[in-house]
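Asker: Here are the chains, one letter per residue:
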Amino acid sequence: MVSESMGSSIGQFSRWDGLHRPWSNGVELMEDAQKNKHVLSTGCEGMDFLLRGGLHKGQVTELAGPSSSGKTQFCLLTASTVAYKHMGGVIYLDTGNSFSAKRIAQFLNQISRPAFDEMQPIVLQKVMNSILCQSVFDIFSMFDVLHCLESKLKSQMCRGDNDEILIIIDSISSLITPILGSSGSQGRALMVSAMSLLKKLAHEYNLAVLVTNHTVGGDGGIPKPALGESWKTLTHVRLLLSRDCGSDTYHVSLLKHPSAASGKAAKFIINN
Amino acid sequence: MEVGRLPISAALKGKLVSAGYTSLSLLSSLSPSHLARGAQTAWDMLHEEELLTRITTSSVDIDNILGGGISCRDVTEIGGVPGIGKTQLGIQLAVNVQLPIHCGGLGGKAIYIDTEGSFMVERVLQIAEACSNDMSATNTVSQDVHAGKVGMQPRDFLENILYFRVCSYTEQIALINYLDKFISEHRDVKIVIIDSITFHFRQDFDMALRTRLLGGMALKLMKLAKKFCLAVVLLNQVTTKYAEGSFQLTLALGDSWSHACTNRIILYWNGNERYAYIDKSPSLRSASAPYAVTAKGIRNSVSNCKRIKLM
Chain A
1 MVSESMGSSI GQFSRWDGLH RPWSNGVELM EDAQKNKHVL STGCEGMDFL
51 LRGGLHKGQV TELAGPSSSG KTQFCLLTAS TVAYKHMGGV IYLDTGNSFS
101 AKRIAQFLNQ ISRPAFDEMQ PIVLQKVMNS ILCQSVFDIF SMFDVLHCLE
151 SKLKSQMCRG DNDEILIIID SISSLITPIL GSSGSQGRAL MVSAMSLLKK
201 LAHEYNLAVL VTNHTVGGDG GIPKPALGES WKTLTHVRLL LSRDCGSDTY
251 HVSLLKHPSA ASGKAAKFII NN
Chain B
1 MEVGRLPISA ALKGKLVSAG YTSLSLLSSL SPSHLARGAQ TAWDMLHEEE
51 LLTRITTSSV DIDNILGGGI SCRDVTEIGG VPGIGKTQLG IQLAVNVQLP
101 IHCGGLGGKA IYIDTEGSFM VERVLQIAEA CSNDMSATNT VSQDVHAGKV
151 GMQPRDFLEN ILYFRVCSYT EQIALINYLD KFISEHRDVK IVIIDSITFH
201 FRQDFDMALR TRLLGGMALK LMKLAKKFCL AVVLLNQVTT KYAEGSFQLT
251 LALGDSWSHA CTNRIILYWN GNERYAYIDK SPSLRSASAP YAVTAKGIRN
301 SVSNCKRIKL M
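Each protein sequence line maps, in turn, to chains A and B. Position 88 of the first sequence, counting from 1, maps to 88 under full-length UniProt numbering, and the rest follow consecutively. Position 53 of the second sequence, counting from 1, maps to 53 under full-length UniProt numbering, and the rest follow consecutively.
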């Protein structure tokens with residue numbers, strides 16, 4: 001028995017009329033990459049350098065780190081930078097009541113005029129109105145929100161205007177931890193299902209996705225990203241963040257990247 | 001939506017799929033819904049954040065580093081060694097939340113969930129009396145007196161603290177699940193204090209089960225804080241952790257729990273003085289402030305060399 005989605009996928013390949021073929025060749029991909037802006041700067045030079053420009057649209061980036069290592073700060077900084085510099089919509093899913101509009105305003109004032117007065121209220125309002133924040137407290141509500149987003153993006157695409165360019169989920173590990181590991185593999189199936197939905201949204205609607213993960217103790221007490229072995233394959237880019245105790249200096253290392261050598265590290269400061 | 005992503009049991013999903021229903025559209029007709037349900041823009045949240053009042057801790061130094069006090073819609077974890085004053089701070093907050101807004105409270109009730117049995121009602125009476133005396137001393141010509149209202153008596157303070165005692169982890173989880181319904185019926189509750197959150201999870205636990213249970217509990221508390229706009233304060237114990245070749249003191253329940261709170265304050269000894277240190281916060285700077293535990297409750301430290309250290 002073939003389900004309707006399988007039927008439509010097969011139809012996509014067998015019905016093409018020679019004009020809109022379902023494959024591209026390498027040259028077309030290269031020209032597209034060079035012409036269109038596919039990279040979103042994060043606002044932090046060290047991170048942008050490590051990520052070869054920033055967050056890539058169509059890819060899921062994971063930021064893992066121990067508690068209070070700066071993951072939320074980095075998410076807020078990236079949201080501010082994308083909203084201001086790239087004039088794009090940001091969807092911020094917050095699982096720990098950590099979204100701080102006050103901090104976003106502080107970052108925006110820093111980005112726009114580092115040395116001068118504060119940003120004009122009208123501009124601040126316009127930029128902050130493009131950052132949408134929603135609290136989600138379990139994985140099924142996250143599915144709900146993502147499905148609503150999908151139908152909204154589909155109708156926007158038909159009209160030709162595509163506003164949103166970044167989805168941030170801080171943190172996806174707190175949604176997955178309560179369901180992972182119980183008897184049966186339903187938890188892992190939900191985790192894989194969630195990531196495949198995010199990747200589909202990222203690819204079809206040309207969005208960048210940033211998710212945060214916590215860490216657990218690894219060999220020798222060195223923290224390693226949580227969520228287990230199968231999680232490692234689900235994201236495109238993986239970063240490990242840490243902070244020197246009591247200071248403003250952050251260390252980030254690249255664990256996995258499709259086009260950069262892993263193991264590289266960078267150091268940066270986010271101050272007040 | 002695929003049937004695999006619905007919040008129903010695995011057995012039911014299996015039955016639906018084997019009967020041929022693989023997606024929700026086959027079961028019923030879908031209507032498009034909007035993302036606007038529940039989402040807010042950052043600009044609206046900025047104004048809401050500015051209007052949120054905070055609960056004073058009765059120590060001006062701690063209030064200063066906290067930006068005014070314990071904030072609502074946040075889950076704040078307070079941890080420290082035994083004897084540092086966690087329960088004292090919990091009791092002080094349960095009393096302070098009842099103060100009117102112009103005195104640093106929220107005019108609401110408190111829920112106190114006791115897991116260890118460290119809630120001493122005589123001490124609460126002592127703190128409530130001190131609070132009531134302080135209020136009448138400072139408000140000699142106040143709006144309350146003009147309106148003919150009598151100031152709050154210690155007995156009123158006691159009446160507004162709703163006390164639950166839980167004796168096992170299953171009771172604790174059941175209670176937290178029940179709180180949603182309870183607070184819907186008691187809308188004037190403005191703070192939930194759990195003392196301590198760790199006690200029933202520290203002995204004899206399968207680690208994987210513990211991580212799942214704690215993760216679920218953390219999400220429910222976050223949801224409560226956000227939905228009813230109240231403060232959730234969790235008191236935690238310390239344990240030792242072996243890291244970088246030495247034993248360090250760290251909060252109990254492990255790495256995964258440390259991500260379950262919005263803000264974290266660590267109480268510690270520095271010589272003979274008690275200090276509070278902001279360990280984690282989305283919008284406050286790391287800083288530490290001294291405080292003292294007196295007969296009247298938590299107050300400012302009165303030593304000569306006190307100073308607020310900004311990290």
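Since the hints were derived computationally from the structure, they do not count as laboratory data. Here the structure is a predicted model, which means the values were calculated and not measured. No residue lacks a Cβ here, since even glycine has one placed at the ideal position from N, Cα and C. Accuracy of the hints is not assured; some may be wrong.
[To be verified] Listing some non-contacts, in silico: residues in chain A with all C-beta distances to chain B over 10 Å:
no.	residue
1	Gly88
2	Lys102
3	Arg103
4	Asn206
5	Ala226
6	Pro258
[Unchecked claim] Examples of chain A residues toward chain B, derived with CB under 10 Å:
no.	residue
7	Tyr92
8	His147
9	Gly217
Asker: If a hint holds in the structure, say so; if it does not, say that too.
Answerer: Hints, one by one, checked against the model:
With a least CB separation of 14 Å from chain B, A/Gly88 remains clear of the 10 Å interface cut-off, as annotated. Interface exclusion of A/Lys102 from chain B breaks down, the closest Cβ pair being 5 Å apart, not more than 10 Å. Not every CB of chain B is more than 10 Å from the CB of A/Arg103 (nearest about 5 Å), against its label as outside the interface. Against chain B, the non-interface label of A/Asn206 holds: every CB pair exceeds 10 Å, the least being about 18 Å.
Not every beta carbon of chain B lies more than 10 Å from that of A/Ala226, the smallest distance being close to 7 Å; the non-interface claim is violated. Against the 10 Å criterion, A/Pro258 stays outside the reach of chain B, whose nearest CB is about 27 Å from its own CB. Contact between A/Tyr92 and chain B, as hinted, is supported at the beta carbon level, the nearest pair being about 8 Å apart and thus within 10 Å. The criterion of a C-beta within 10 Å of any C-beta in chain B is met by A/His147, whose closest approach is roughly 6 Å, and the hint holds.
Interface hint status for A/Gly217: upheld, as the beta-carbon distance to the closest one in chain B is roughly 6 Å, under 10 Å.
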